[in-house]
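Engineer: Below are the chains, spelled out letter by letter.
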Amino acid sequence: MIKKILFIFFILMGWQAAQAQVAVIAHKAVPVDQISSAELLDFYTGDIKLWGNDEAVIVFDLKPKGEVKEVFYKYLGKSPSRMKSVWMKKLLSGEGDPPESMKTEKELLEKVMETPGSIGFVAEDKVTDDVKVLAVITREEG
Amino acid sequence: MRNLIKIIYIHLLAICCSTSGLLGQAKETPLRIFGYFQVNFTQETGTSAGSESTNSFNMQQLNLLFQKNLAKNWSAFVNMEALNNFSSSKEWGAFNLEEAWVKYRGSKQFNLKLGLMIPEFNHLNTIKNRMPLLPYIIRPVVYENSFEDIIDLDSYLPRRAFAQAYGFIPSGRWKFDYAVYLGNSPNINDRSALGQTGVDTTDVFMTGGRLGFRYKEWRMGWSATYDRTNEFGEVNLFFQRPPRFFNERPRLRTGTDFFLRWKRLSWESETIAVNYDEGDERFDVDRLFYYATLGFQASDALFMYYTYWGTEDEFVFVDAQPGIIPVFDLYQGTLKIFVPSLGFSYGLNDRITLKGQFSWVDISSDDEFFKVDFRQNVLSLAISAFF
Amino acid sequence: MKKFIFFGILSFLIIISSNVCAQSGEKPLRIFGYFQNEFSHFAGNAVHNDTRNTFNLQQMNVFFQKNISLKWSAFVNFEMVNNFSSSKQWGSAKLEEAWVKYDFGKAATLRAGLQIPTFNNLNAIKNRTPLLPYVVRPIVYEASFEEVVTLEEFVPGRAFLQLYGFMPIGKYKKFDYAVYLGNSPNINNFSTRGQTGVDTTNTFLVGGRVGLRVGDLKMGVSGTMDKTNLFTRITNFFNVPSLEPFEKRDRFRVGADLSFQNDMFMFEAEYIDVSYEEYSSDGLNANVIDRLEGFELDLAFYYATLGFYVKEPLLVYGTYWRSRTIEPYFLDLQRGFVDERERLNVPGFGFSYQLSDRVRLKAQYARVNVNVDIGGNMIKVDNTSNFYSAAASVFF
Numbered sequence: 011m012i013k014k015i016l017f018i019f020f021i022l023m024g025w026q027a028a029q030a031q032v033a034v035i036a037h038k039a040v041p042v043d044q045i046s047s048a049e050l051l052d053f054y055t056g057d058i059k060l061w062g063n064d065e066a067v068i069v070f071d072l073k074p075k076g077e078v079k080e081v082f083y084k085y086l087g088k089s090p091s092r093m094k095s096v097w098m099k100k101l102l103s104g105e106g107d108p109p110e111s112m113k114t115e116k117e118l119l120e121k122v123m124e125t126p127g128s129i130g131f132v133a134e135d136k137v138t139d140d141v142k143v144l145a146v147i148t149r150e151e152g
Numbered sequence: 013m014r015n016l017i018k019i020i021y022i023h024l025l026a027i028c029c030s031t032s033g034l035l036g037q038a039k040e041t042p043l044r045i046f047g048y049f050q051v052n053f054t055q056e057t058g059t060s061a062g063s064e065s066t067n068s069f070n071m072q073q074l075n076l077l078f079q080k081n082l083a084k085n086w087s088a089f090v091n092m093e094a095l096n097n098f099s100s101s102k103e104w105g106a107f108n109l110e111e112a113w114v115k116y117r118g119s120k121q122f123n124l125k126l127g128l129m130i131p132e133f134n135h136l137n138t139i140k141n142r143m144p145l146l147p148y149i150i151r152p153v154v155y156e157n158s159f160e161d162i163i164d165l166d167s168y169l170p171r172r173a174f175a176q177a178y179g180f181i182p183s184g185r186w187k188f189d190y191a192v193y194l195g196n197s198p199n200i201n202d203r204s205a206l207g208q209t210g211v212d213t214t215d216v217f218m219t220g221g222r223l224g225f226r227y228k229e230w231r232m233g234w235s236a237t238y239d240r241t242n243e244f245g246e247v248n249l250f251f252q253r254p255p256r257f258f259n260e261r262p263r264l265r266t267g268t269d270f271f272l273r274w275k276r277l278s279w280e281s282e283t284i285a286v287n288y289d290e291g292d293e294r295f296d297v298d299r300l301f302y303y304a305t306l307g308f309q310a311s312d313a314l315f316m317y318y319t320y321w322g323t324e325d326e327f328v329f330v331d332a333q334p335g336i337i338p339v340f341d342l343y344q345g346t347l348k349i350f351v352p353s354l355g356f357s358y359g360l361n362d363r364i365t366l367k368g369q370f371s372w373v374d375i376s377s378d379d380e381f382f383k384v385d386f387r388q389n390v391l392s393l394a395i396s397a398f399f
Numbered sequence: 466m467k468k469f470i471f472f473g474i475l476s477f478l479i480i481i482s483s484n485v486c487a488q489s490g491e492k493p494l495r496i497f498g499y500f501q502n503e504f505s506h507f508a509g510n511a512v513h514n515d516t517r518n519t520f521n522l523q524q525m526n527v528f529f530q531k532n533i534s535l536k537w538s539a540f541v542n543f544e545m546v547n548n549f550s551s552s553k554q555w556g557s558a559k560l561e562e563a564w565v566k567y568d569f570g571k572a573a574t575l576r577a578g579l580q581i582p583t584f585n586n587l588n589a590i591k592n593r594t595p596l597l598p599y600v601v602r603p604i605v606y607e608a609s610f611e612e613v614v615t616l617e618e619f620v621p622g623r624a625f626l627q628l629y630g631f632m633p634i635g636k637y638k639k640f641d642y643a644v645y646l647g648n649s650p651n652i653n654n655f656s657t658r659g660q661t662g663v664d665t666t667n668t669f670l671v672g673g674r675v676g677l678r679v680g681d682l683k684m685g686v687s688g689t690m691d692k693t694n695l696f697t698r699i700t701n702f703f704n705v706p707s708l709e710p711f712e713k714r715d716r717f718r719v720g721a722d723l724s725f726q727n728d729m730f731m732f733e734a735e736y737i738d739v740s741y742e743e744y745s746s747d748g749l750n751a752n753v754i755d756r757l758e759g760f761e762l763d764l765a766f767y768y769a770t771l772g773f774y775v776k777e778p779l780l781v782y783g784t785y786w787r788s789r790t791i792e793p794y795f796l797d798l799q800r801g802f803v804d805e806r807e808r809l810n811v812p813g814f815g816f817s818y819q820l821s822d823r824v825r826l827k828a829q830y831a832r833v834n835v836n837v838d839i840g841g842n843m844i845k846v847d848n849t850s851n852f853y854s855a856a857a858s859v860f861f
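Line by line, the protein sequences give chains Y, B and P. Here the first sequence stands for residues 11 to 152, where the numbers follow the numbering used here. Here the second sequence stands for residues 13 to 399, where the numbers follow the numbering used here. Here the third sequence stands for residues 466 to 861, where the numbers follow the numbering used here.
If you are wondering where the hints come from, they were derived from the structure by calculation, not from laboratory data. What you are looking at is a predicted structure, and each value in this text was computed from that prediction instead of being measured. Worth double-checking, as some hints may not be accurate.
[Unchecked claim] Here are the simulated DSS-like cross-link-like pairs (lysine-lysine), alpha carbons at most 30 Å apart as the crow flies:
1. Y:K73 - B:K115
2. P:K492 - B:K39
3. B:K115 - Y:K100
4. Y:K113 - P:K776
5. B:K39 - P:K776
6. Y:K79 - P:K692
7. Y:K94 - P:K553
Bound conformation, chain Y alone (with noise of 0.2 Å):
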């Protein structure tokens, strides 16, 4: 009996992880209305700077470790700590400066709410109206 609650238990979880999505958010005047994922890339190693209209990309990343922040790096095709040296390697070559961080969803949210130019990621059920959602990631299964 306990191994077919288990059972289900688990199966639940796992189909509450696969539908677990995140939301790549951004400032609600930024020019684009979407974003794939090698732009993303782009964004976030600091090799794009710059938005269509010359206005700077602010990205903020998300700092306690959890399901958001691993979909959003597996969805960018880099671990956190790979991610980590691409920054520092910009910082110490006078490139460019490593993401915000913030503690929490909600504060990221806040903060891409009022940065103009800013590009961060939150759960997708955490999403407002203030902000501009450029691509939703859906978890795979497994």
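Dock chains B and P against the given chain Y, drawing on the hints supplied.
Structural biologist: Coordinates of chains B and P only, in the frame set by chain Y:
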């Protein structure tokens, strides 16, 4: 002793475990940049034959410090020092990287420093270059970095080490201090063909440490270092010993320090003895240094003192006669320097200190071949600023 | 042509400089840096039996960085190596970089000022010790060896103007480019004519790199061309009427790089070849040309490193460097020159452990084999030594 080993062992384990804290970047603080400088005016008045009078303004010392807390128990520190109106274009003074270390703060019993550092030796060594902390314009001579061009400071003191464990063990109102460290021997650049300048080219180390105790306003300690030096290598030209006989001769430096404060009075003193195992009875080049300062805290801002310091350096003078078979005479002597001083420091505010010092310098040697009798009065005024 | 380049650059700088005032985005000056302390043990070899232990503050860098406006930023880099102390004449202290940068966008960035130019993969980041797993870097990039290896013969150490950027050529594919201008190696050649540290001839260093990035894979080819007076010293041995045939001789450096990095593996490899046109036959008589037979200088270097991330912060790697130097070995006026061929083979392995974002621990073993052959077996030296080193790199 066993307890100490246990403490060190436990803390080494803790260092390994504390990496999770480091990874989390807890307690990281912004880089702090600060420093201090001391500018002085010195008037020397000759009072013996051969002793001239001079005046000089001097940007005596400037230190620039960088400090950052990297994590809860870890911090980094860098100290750069410019001396004597430093100018590379004019080849004046010097610019040195004095410290660049990372520290693990385990507890009061155990701290670990790794990297270039000034090790614990007596009372003054680690704080000798912190000008705003000291009342002196001219520090007790072996601690006076601006004299590096004229005095072999490194032979008296360990000025660099690369790994140090230190801390204190409280026992009631008593505190027992300890420090042990490891560094390079003095044989830097001895075989420069093998490598770069600034690195030890032999396989020996400098080891050292200090043991001390504190009770209220009373503090005393014993320090020692042991290393091996190649500085007598050239002597073999005269002594005809086997090759490398004079290489890596042992050197033992021992020191004592004592500090006491009673009401408005304070007393601090140190001795340093440098003993070489020269390996040959025909010469002896040991050294001795001592100083004592009696201070009086006249008010919160004004500190007045009387200090005297002295050195006794044994030296050997070789008088070689030209010829196919070397003929030479050895003259063994002692050079004595004795300097009593009166001085004051006045803290204008938290950042600026004014200082004054008057010294009677007496340098003498009774050796018949190398007779010295040099006397001079030195008046110094200085301003020390912490920025 | 030179005037055209000069005035073109000047006009361009004047035009874009108007943006400095027009745009906001100025940020406070940021100061940061890093240092690496090492302990190394040299286990001796057949020639030098003596073993050696040394602690060394191998390198310390302090950076000043400021975003002047949205598109302009400035960067300054001071470097000290080998327990630097001017009073003891240990090590050295240098101003390595001081440049201002203008971002046109992803396609182009212009840097003006003293800088380390792009050459292969490692040159521009060679002195960023916290980024590198090595205690001792591949030898031509090891700043602390400057006193014992002529590093700047292999790679360009300084440039003063550089245009670089990338162009996307597909998803995760980018074409990189960099072109730069700097001084020729003829610094202080005529010290009576000028200050120390400046080029005293009218030649330039020009160089660049083109590369391709495909996901985590990076590759490129680099080249520099300049003119050197290095060979004028040879005229001491020959009664030649003029220095001219040995002055401003062409030097070409060619490089290729390949690197790959993902979360499990890293691989990097480079090749550098340096060739010289040692002298011009014009203006030399047949007798001198005869005696110059064997007067040749040629350098080559390559390295490859394969690393494996055992666990996220722990990288273990194996590395191999090889350098080859062919230089003239002077016999005497009658017999002229023969080749001195020196080969350095350095296999090694090591690890680096990222204790935190700020502290990196490193250890390395290297087996250094030096093989010297003068005049085709006339003199032969074959020496192998073992080096062990450990280091901590701290970013503050």
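Engineer: Now look at each hint and say whether the structure bears it out.
Structural biologist: Verification of the hints:
Under the criterion of a C-alpha separation no larger than 30 Å, the hint pairing K73 (chain Y) with K115 (chain B) is consistent with the structure, at around 26 Å. The hinted pair formed by K492 (chain P) and K39 (chain B) meets the criterion: a straight-line CA distance of about 24 Å does not exceed 30 Å. With a CA separation close to 27 Å, the supplied pair K115 (chain B) and K100 (chain Y) stays within the 30 Å bound. For the suggested pair K113 (chain Y) and K776 (chain P), the alpha carbons sit about 26 Å apart, so the restraint of at most 30 Å is met.
Only pairs whose Cα atoms come within 30 Å are accepted, and K39 (chain B) paired with K776 (chain P) is accepted, the gap being roughly 25 Å. Of the supplied pair hints, the one linking K79 (chain Y) and K692 (chain P) is violated, its CA atoms being roughly 53 Å apart against a limit of 30 Å. The hinted pair formed by K94 (chain Y) and K553 (chain P) fails the criterion: a straight-line CA distance of about 39 Å is larger than 30 Å.
Going down the numbered hints, you'll see the structure goes against 6 and 7, while the others check out.
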